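J.: One letter stands for each residue in the lines below.
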Amino acid sequence: MIGVIFGVIIPYIAVAIFVIGIIYRIINWANSAVPLKVPTTCGQQKSLKFIRRTIYDRFDSPYTKWETVVRMFLEIFFFRSLFRNTRYYLDKQMARDARWLWLFAILFHYSLLLVLLRHSRFFLQPVPEFIEMISNLEAFKGVYIPSLYISGILIVAALFALWFRRLFLSRERTLSLPSDHFALILLLAITISGNILRYFIKADLEAVKELIMNLMTFNIAEAVEVANTIEPIFYVHFFLGSFLLAYFPFSKLMHAGGVFFSPTRNMPNNNRAEIHVNPWNPPYKGLTWEEYYEMYKDQLDEIAEQGYKVKPEL
Amino acid sequence: MEEAEKLKIEQRFPSWRELLKPVTEKDFKPGYYHYSALVRDVKALELPFPREWNPLEKDWKLPPNWKEIFLKKMKEALEKFRSFKLFMDICVRCGACADKCHYYLGTGDPKNMPVARAELIRSIYRRYFTPAGKLFGELAGARDLTEDVIKELYYYAYQCSLCRRCSAFCPYGIDTAEVIWVLRSILAEIGVVHRFSLISIAASARTGNHLGLLPGGIAGALQSIAEDVKEVTGIDIEVPINKKGADILFVAPSADYFATPHWFVCMGYLMLFHEIGLDYTWSTYASEGGNFGTFISYELAQKLNAKIYQEAERLGVKWILGGECGHMWRDKHQYIATMNPPPKTLEDPINPITGTYFENAAESKWVHIAEFVADLIAHKKLKLDPSRNDHWKVTFHDSCNPARAMGLFEEPRYVIKNVCNYFYEMPEHTIKEKTYCCGSGGGLLADEVMDLRMRGGMPRAMAIRYVHKKYGVNYLCTICAIDKAAFPTLLEYWKIPVEVGGMMELVGNALIMKGEKERTMDLRGNPLPGVNE
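Quick note, the sequences are listed as chains A and B, same order.
Residue numbering for the first sequence follows numbering that gives the first Met the number 0, starting at 0 and increasing by one per position.
Residue numbering for the second sequence follows numbering that gives the first Met the number 0, starting at 0 and increasing by one per position.
Hints in this document: simulated from the structure, not taken from any laboratory.
If you're wondering where the values come from, they're calculated on a predicted model, not measured in any experiment.
No residue lacks a Cβ here, since even glycine has one placed at the ideal position from N, Cα and C.
Please note that the accuracy of each hint is not assured.
[What the hints assert, rightly or not] Among the chain A residues that face chain B by a calculated CB cut under 10 Å, a handful are:
1) 38
2) 42
3) 43
4) 45
5) 81
6) 92
7) 104
8) 106
9) 254
10) 268
11) 271
[Stated by the list, open to error] Estimated spans, in silico, between C-beta atoms of each pair:
12) B:67 to A:109: 44 to 50 Å
13) A:99 to B:56: 42 to 48 Å
14) B:353 to A:22: 51 to 57 Å
[Said to hold, decoys possible] Cut-off 20 Å, straight-line C-alpha distance, at most; resulting in silico cross-link-like pairs (SDA-like, lysine to any residue):
15) B:133 to A:279
16) B:243 to A:48
17) A:284 to B:337
18) B:74 to A:281
19) B:74 to A:30
20) B:343 to A:287
21) B:20 to A:287
22) A:48 to B:358
23) B:74 to A:33
24) B:379 to A:47
25) B:72 to A:279
26) A:208 to A:115
27) A:284 to B:45
28) A:310 to B:20
29) B:72 to A:115
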């Protein structure tokens, strides 16, 4: 019974919510208009030939489409803006570079990427060679027995670091909502339970793979059969993962999709060279020259009488 | 000697629950809250619900269906501004922005952290527009929209100068300026607007400029400025006004006609244009480059910036040159051409003196004075004597908008280094894209928020003090009219003996003009270095 609920029904529901939810959110964002081109410019604009632009300027204040693509790439893969981070010291009235948050964030996200890639061995048959390769590489295969996946350990460490920030730094504690703690706790539970499965209470990985392959090909009858043979401990990890999928589209975790849409990052700083069109630009209502002239006729005529110019009288 | 009173920055770290509780009129501090808009301005601009109200009173006389209007306008804004919608959704509260806000640094008020400022409205968004907020309420960081919340939104929406510093540091580019801009426009729909910007917006809608100067006043001011130029240089300068068929329309912020030290910058413009023989004109109708409408709403911004292209078309000019101003360039670089598309009569922006084609202004036809002057200098079209600025040890303050909404960093520096011998940069974390606001931008130049302005200007002031002590800097050069108005007060408050001025003043000092008499004083009337009085 546990196998059917946690191995078949819930995963299906979770994946459905995940897919539909993400599509909904993305369409929802895409449906909002972009009235203005508002890049935040963090580097020298393109202007005159002799005004030098460094490589940083080109990607922090992109002028062309390609430069904008590179800016987004740097933002998404290297957290460019977070790398700029500083910390202000009130006693010295000065800021200093502070890249701890950047480091923890990078560690967490790249570990997550590696972990997810390694998990693809449960979805893909045969397992692609490069997955095997990175798994072997990061595990220092042969050095430790059983081989120890660095990313699996690092991700837990990084999550703790990120959580301790929220728990022990006063400013971050003030800012953190219950949902912020919840997301971190959920991810910690998933990663820790995953590590437990990997190193301590081992599940039958062949069966797990069979279950997932059957789920993916909608062989429901067989999936149910396999699901019932797997140890319950596996379903702790599997359920938490399913829950994360269902939670994802409705939470702040959607920053993963949202960053692509950010108007201050994904638009080029070429406003004066290429005019942006606002789809809902309202008709203009303001003072016209004719109205203005009517109001200040005398004074305007006087300027005209002086030949449209003034000069020093002294 | 009398011991000066020490200013304390008290940092508070309340719980997240407390952060959701609104700050109301009982907690409003003098020096931090803005006066309410004047009835006459609200009426003149045809904004809803003109009435007398006082932020310190319990009853703000909101319309009976204020909540309905607020939520309706908020829903509209979510559809009209992807930035607003996205920024409501994707913040992870990492805190990278927190100590980037000069108001937070100066006041220690937790709600002045950019993330917390946005959370004020985000909590409403969650409650009424997301399933999690509807289901879990406070636990999901959601709260009901009450009159108290409106008061809090008003209080903090006008404690942000829209400088975008937080946006540079946000890993998702969340721009508090966008959020607050939209929030202010929603508040305006239920008749909650502040006084300061609205006075200038109404004046600009009526007369074409924020100061409410009539055509004769502008002509008179330009004449007096030309007279001052004559006193310094001995040269008679003709200043063209409303002249049809000129090559270029020149638009400056209206403070340049009257205020100090803006006045010296205006002298610099006149001297430069005369010296290079530029065929240009001022306009009394398009007499304002600034646009306080950009502090409140899209519609008001659009209302104010339309006149410039209309005037350019009427006068038959080829392109438009813009003066030294901060938020003006957010408007002129990012807004104006979208809000009011330029007329077809304009031509390619080509510098008539050097032949340079300003490719980056190809469509909107707006060129910044720093770009223009830098181009002249690079082509050696100006004779300059930088030693006339030797009494100044200069530092340059990147104004928020030209910095983070335009990327104008090197052009003014190029000009300054060519007209001054002594130029020193402030510390790395306080310039260029990391520049600190003067504390008075975005509609906060009002006198009633003086405490907030002086505290908000603290990080910038400390950076100036640093270069003052280290290099003896005595001149702060800025290219923003609000800076020039705000800094003298700020520097006096923080006891930093540094003068404030603009780039064009330094250019005017250094510019060797044909037929000028031997200069004995700078544009301010100070004796030049090496000259005995």
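J.: With 10 Å as the cut and Cβ atoms as the points, is residue 38 of chain A at the interface with chain B?
T.: holds (8 Å)
J.: For the pair we were handed, residue 284 of chain A and residue 337 of chain B, check the Cα-Cα distance against 20 Å.
T.: Holds: residue 284 of chain A and residue 337 of chain B sit about 15 Å apart, inside 20 Å.
J.: Any CB of chain B closer than 10 Å to the CB of residue 104 of chain A?
T.: Status holds, d = 8 Å.
J.: Can you let me know if the beta-carbon spacing of residue 99 of chain A and residue 56 of chain B is within 42 to 48 Å?
T.: holds (46 Å)
J.: Given the hint that residue 243 of chain B pairs with residue 48 of chain A, does the C-alpha gap stay at or below 20 Å?
T.: Given pair residue 243 of chain B, residue 48 of chain A is violated - Cα atoms ~32 Å apart, limit 20 Å.
J.: Can the hint on residue 81 of chain A be confirmed by a CB-to-CB distance to chain B that is less than 10 Å?
T.: Hint on residue 81 of chain A: holds, closest Cβ of chain B at ~4 Å, below 10 Å.
J.: Need the status of pair residue 343 of chain B, residue 287 of chain A: alpha-carbon distance at most 20 Å?
T.: holds (18 Å)
J.: Given the proposed pairing of residue 379 of chain B with residue 47 of chain A, does the C-alpha separation stay at or below 20 Å?
T.: Holds, because 15 Å separates the two Cα atoms, which is no more than 20 Å.
J.: What's the verdict on residue 133 of chain B and residue 279 of chain A, does the C-alpha distance respect the 20 Å limit or exceed it?
T.: violated (30 Å)
J.: Would the hint linking residue 74 of chain B and residue 30 of chain A be met if the CA-CA limit is 20 Å?
T.: Holds, at about 13 Å.
J.: A closest beta-carbon separation below 10 Å is what the hint needs, so does residue 254 of chain A meet it against chain B?
T.: holds (4 Å)
J.: Do the alpha carbons of residue 74 of chain B and residue 33 of chain A lie within 20 Å of each other, as the hint requires?
T.: Within the cut-off at roughly 15 Å; holds.
Violated hints for the displayed structure, listed by number in ascending order: 8, 15, 16, 21, 28 and 29.
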